[in-house]
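Engineer: Here is how the chains run, residue by residue.
Protein chains: 4
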Amino acid sequence: MSARPKILFDPFPRRTDMFLAPEMRTRLEALGEVVLHEGSRMPAEMVERVLPEAMFVLGQTDLPRERLERAPKLKAIVNVEGNFQPNVDYGYCLDRGIHVLVIAPAFALPVAEMALGLAIDCARGITRADRDFRQGRERYGIAGSTESLQLTGNVFGLIGFGNLGRALLPLLRPFHGRVLAHDPWLPEGLLREHAVEPVGLDRLLAEARIVFMLAAATADNQAMLGAREFGLIQQGSVFVLASRAAVVDFPAFLAAAKSGRIKAATDVFPVEPVPADDPVRGVEEVILSAHRAGGVRRAHHEIGLMTVEDCELIARGLPPVRCQPARRETAHLFRSMPARSYAQKV
Amino acid sequence: MSARPKILFDPFPRRTDMFLAPEMRTRLEALGEVVLHEGSRMPAEMVERVLPEAMFVLGQTDLPRERLERAPKLKAIVNVEGNFQPNVDYGYCLDRGIHVLVIAPAFALPVAEMALGLAIDCARGITRADRDFRQGRERYGIAGSTESLQLTGNVFGLIGFGNLGRALLPLLRPFHGRVLAHDPWLPEGLLREHAVEPVGLDRLLAEARIVFMLAAATADNQAMLGAREFGLIQQGSVFVLASRAAVVDFPAFLAAAKSGRIKAATDVFPVEPVPADDPVRGVEEVILSAHRAGGVRRAHHEIGLMTVEDCELIARGLPPVRCQPARRETAHLFRSMPARSYAQKV
Amino acid sequence: MSARPKILFDPFPRRTDMFLAPEMRTRLEALGEVVLHEGSRMPAEMVERVLPEAMFVLGQTDLPRERLERAPKLKAIVNVEGNFQPNVDYGYCLDRGIHVLVIAPAFALPVAEMALGLAIDCARGITRADRDFRQGRERYGIAGSTESLQLTGNVFGLIGFGNLGRALLPLLRPFHGRVLAHDPWLPEGLLREHAVEPVGLDRLLAEARIVFMLAAATADNQAMLGAREFGLIQQGSVFVLASRAAVVDFPAFLAAAKSGRIKAATDVFPVEPVPADDPVRGVEEVILSAHRAGGVRRAHHEIGLMTVEDCELIARGLPPVRCQPARRETAHLFRSMPARSYAQKV
Amino acid sequence: MSARPKILFDPFPRRTDMFLAPEMRTRLEALGEVVLHEGSRMPAEMVERVLPEAMFVLGQTDLPRERLERAPKLKAIVNVEGNFQPNVDYGYCLDRGIHVLVIAPAFALPVAEMALGLAIDCARGITRADRDFRQGRERYGIAGSTESLQLTGNVFGLIGFGNLGRALLPLLRPFHGRVLAHDPWLPEGLLREHAVEPVGLDRLLAEARIVFMLAAATADNQAMLGAREFGLIQQGSVFVLASRAAVVDFPAFLAAAKSGRIKAATDVFPVEPVPADDPVRGVEEVILSAHRAGGVRRAHHEIGLMTVEDCELIARGLPPVRCQPARRETAHLFRSMPARSYAQKV
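The listed protein sequences correspond, in order, to chains A, B, C and D. Its first residue numbered 1, the first sequence is counted upward by one per residue in this note's numbering. Its first residue numbered 1, the second sequence is counted upward by one per residue in this note's numbering. Its first residue numbered 1, the third sequence is counted upward by one per residue in this note's numbering. Its first residue numbered 1, the fourth sequence is counted upward by one per residue in this note's numbering.
Hints are not guaranteed to be accurate.
Put simply, identical chains are the same to the list, so a pair is met inside one copy or across any two.
To be verified - The calculated EDC-like cross-link candidates involving lysine to aspartate or glutamate, where the alpha carbons are at most 20 angstroms apart (straight line), are:
{"#": "1", "residue 1": "K73", "residue 2": "D62"}
{"#": "2", "residue 1": "K258", "residue 2": "E229"}
{"#": "3", "residue 1": "K258", "residue 2": "E312"}
{"#": "4", "residue 1": "K73", "residue 2": "E329"}
{"#": "5", "residue 1": "K75", "residue 2": "E33"}
{"#": "6", "residue 1": "K73", "residue 2": "E312"}
{"#": "7", "residue 1": "K73", "residue 2": "D183"}
{"#": "8", "residue 1": "K75", "residue 2": "D95"}
{"#": "9", "residue 1": "K73", "residue 2": "D17"}
{"#": "10", "residue 1": "K73", "residue 2": "D202"}
These are calculated hints, taken from the structure and not from any lab test.
Could you build the full structure based on these sequences and the hints that come with them?
Structural biologist: Next up, the structure:
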């Protein structure tokens, strides 16, 4: 008699109760025996014990080739994290039809909503005007809005058109503006299919008045926006940094904001948590958000749901459709910081 | 030979150059002789001299019946202000087919964009989190977002469905939530025609998680939301006050925010400018905006454009279509503060 | 003691049960005593008897000045018809604040849906291909579609931007094309406010590939599209005639269709019902629709609802908001055929 | 020195000039040496000659394991056809990271537009009314529309939510109705993410008034709608068959149309071309369309573009993003008829 399949569940640094509602847990248990370790990475011996019968690995367990070879029944790895990490031998998995999945899509919508909110905040000076108001320096009506931008009819620019860009796009449609997009991994036809205008990076920066930086950090795009690029942006345009700090030259970003060239907001920082004495805390020209864009409860519920739903599909012999699958060509290129670096991160 | 028609132009407290681009001025002059007085209300003798040949009055000139009787050629009054003021004998005008127009629609879109921005800011705590960050109290990721609301799939409530509500509605559509609306001047069929759900006020407050107060101040709705009404709102819901302070019991509004029942923002205050020592300046739970929601430059350009376009239509014998016309039944009911009360107001 | 107000109800050629659900009837009776005559125009003596106490007239009763003078309590006339007819002294009414209303908005949405359906039918040859199929002449796949047009990304042209154009516009948005509009009664700013491009008629015809004729018939636009205008349209473009036949030179329209210049559909004809031997019946290049575009049951329900809702508002001292009000400048310009010409017309 | 990579191009039954614009051809040649055979399937000896250096195979060339083993440099197969055929050893390819792609997405938008057109045609009786008109049997206005359905506010049902359903969904949004969807390969969360309501098939049939059959034919869903299922549909609802005939019990479908239960249209038939004497040609209650839904020129241009764009990405070391990739779990389940069965098919 064949043993019941096992589900190796190693969610650290996430806590199970943060993203796995009891109902989801029950559905998971219907698929196999859940072997859970919480509070730290699962100990090696426990991993080894489970691997031979493991159908699913959920978490960021290290899975080099030699471990994978001991998991002949493995069908999928869901790292319950937003980014592809270097902890898995992707080639080995993909050669054998083992799905390697991240739950990044769970964050796309919350980040998109936040990015829109930050853009309006920059365009209209909401946070700064609130600060001025408390200090008795508020200015009323048009006098307090001489540099405000209207979104309707304006030109939007999306740098990166993956999960985030595609979630943001529908939110921008009612403003009836042009939407420019730049993504070096995507051909023009794909962008046109989404009714956005494919443009080169320089042209995007020169034409868009509301720019969203949404590109995932990869081996290729470190500091892709520096002083030269910020210099291309029209004076007083909005710039929202919503993906990862590494994709911009951060000092150049701050300088562009301080000079007034960009009305800026950022959800990400080169080092998180930001050191207590980091001078960024005093930069009034940038809205500061502590990696909160993805952090709504519903996103955490989605993590659990999409994990369970994809496992159920795989168990039925169908392909997963909710998580984002690793692709051979790019899985090793991602460079976003792993969640383990600070426990409370999304 | 008939004299060239005159255009009495009395824009105080607005300044002509704030809203009338040179090209618009030229188009206006093509319709008649522009008689302009700036910097104060037009002197009575000047008004009297122009009235007999006046085709248009642009501004907030007092126009009681006795003056109107001396303006037999008058076709329209555009007060270049967002609200109907008690300075005109509306009945006399409407009996004679004299259009009385306000430029309120120019502000609808900027206010709608700002209202959405304030709603996202409340839902995600953007302004408060920025303040915390500067004080070294930021919390990262989900830890900093435990009370955040996602807009997508949520329940929106619009109190008032006039210019503002109709401009805001399309911006909410991509969130695919239910949209409830309450407007005592509008029948259910009108609301359903716009694909919103007509509901009573209490039900709106009890069901909506993101509430927009958009009702113009009228004789009937002073302080229509008080402690009882705020008490109906679900704990932690968003409440954006974007129309006029008079429509809420302002102390009750502040109390609801301080208690955490509502995540609140307001663009309006009972007295503007707000006194220097007004304790509202210290209420951390409310985003404070100094009547800035309508104040984008493009709105001011629109004021000029819609004034000129409607005058051109009227001069051609066609009805105006851009400004909002006074209606006999309601013109006398509006109670929004006149723009003259502070010169820099929108 | 004041008499109960009367509601003169003279719906011929409509039948009450076609548009007034029992619930609507009850609501109407709550406003006053309903005096109804059906099956023919209300006899003069009956009209005279009711007028002195009439608050509302519902129907196409002749109301020249001398009759109106005998109706001192009249607040509104709803003709329960889509067009302004010459049966009312509009100036007299509007001088006195008597609303004169048509229920045209009830048809806007059904006509818009039909217009879109006819446009897709023209673009893809649905009706003709069905006819060919039945005759054994169908062609499969691309061979049967060499002249088909895709709507997505194409250029749309709206001639007339009143009720119909505004109802159709949202249905066109998902196709992400340019939308050009021409309406001589509307200024550019109004069109831009709706995010359509204002253009002159010739340019619209030359650039749009899917043209909708939506202009109401007026004194000014009889046969506004003739051979010259159809000649401006690009070969093989779609042309949907959805308003009134009088706005085109009908023989020129048919000639343009027969020549292949336009892929055409029409819902209207110069004479309705169309004579049995009218050669239009044999024109294979035009989709023929017998004034059916507005004729869904729900539209008839809407007629009753909007009539009752506006009467209720007026009785409460509020302005009507659902029916379309006569405007002094244009009420006398409309030239659409009255409904009385054939009893079953919408 | 390494040989220049080869591109085996075997498009039969398509003709190259139908879908490969000269500019696309040039781009393809920049990637490698194009070895083309047209007018029939590429002869075996020619295939064998090319395989050792082939980077791409474009077409429906048979590629069993033994051939694939002789193509060590192969990176992708694009069958330039809408469906996965049994001509490729999918497992072998996917184990080795060889992409197997179909160009189905090129047809999604044209089919979606056609499906909407057919739905409006059914709902409003356009094609039938045109037929009646030509026979002198037209009925005007509401008399000719007593059974018409309005789309706005109605309930839509999508059976299948793959390429077609996702392309159709945005076109339905402006009608502001509920959208129900059923797809046994997709979990509820995926459907909710697209803001449609996941429902079981029976409930979809019972509640939706406008039903779109969009499911690809698979091993599992042959004749999934039979007499029982059509009997669940509400009397007079719209049913558009836009995917493949095999997914319905075709006689039961025709019977449901003849009985008046459904207002029906079909783009597909059990045997295509339909035999000359097939009685379906006389069924007046069904709109007949000869597999024309995907057949717009622009779709053919898209086939070429998406093929070239994906090959360019793969040559750069990036994953393809435009064509639909075979997935291990399902590639063998598709049962749609191959294009070779009739040369002019899309």
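Engineer: Confirm or reject each hint.
Structural biologist: These are the hints, each one checked on the structure:
| no. | hint | verdict |
| --- | --- | --- |
| 1 | K73 x D62 | within (17 angstroms within a copy, 32 angstroms between copies) |
| 2 | K258 x E229 | within (15 angstroms within a copy, 44 angstroms between copies) |
| 3 | K258 x E312 | neither (51 angstroms within a copy, 41 angstroms between copies) |
| 4 | K73 x E329 | between (24 angstroms within a copy, 16 angstroms between copies) |
| 5 | K75 x E33 | within (15 angstroms within a copy, 39 angstroms between copies) |
| 6 | K73 x E312 | within (15 angstroms within a copy, 36 angstroms between copies) |
| 7 | K73 x D183 | neither (37 angstroms within a copy, 28 angstroms between copies) |
| 8 | K75 x D95 | both (12 angstroms within a copy, 14 angstroms between copies) |
| 9 | K73 x D17 | neither (27 angstroms within a copy, 48 angstroms between copies) |
| 10 | K73 x D202 | neither (49 angstroms within a copy, 36 angstroms between copies) |
Of the numbered hints given earlier, the model fails hints 3, 7, 9, 10; all others are met.
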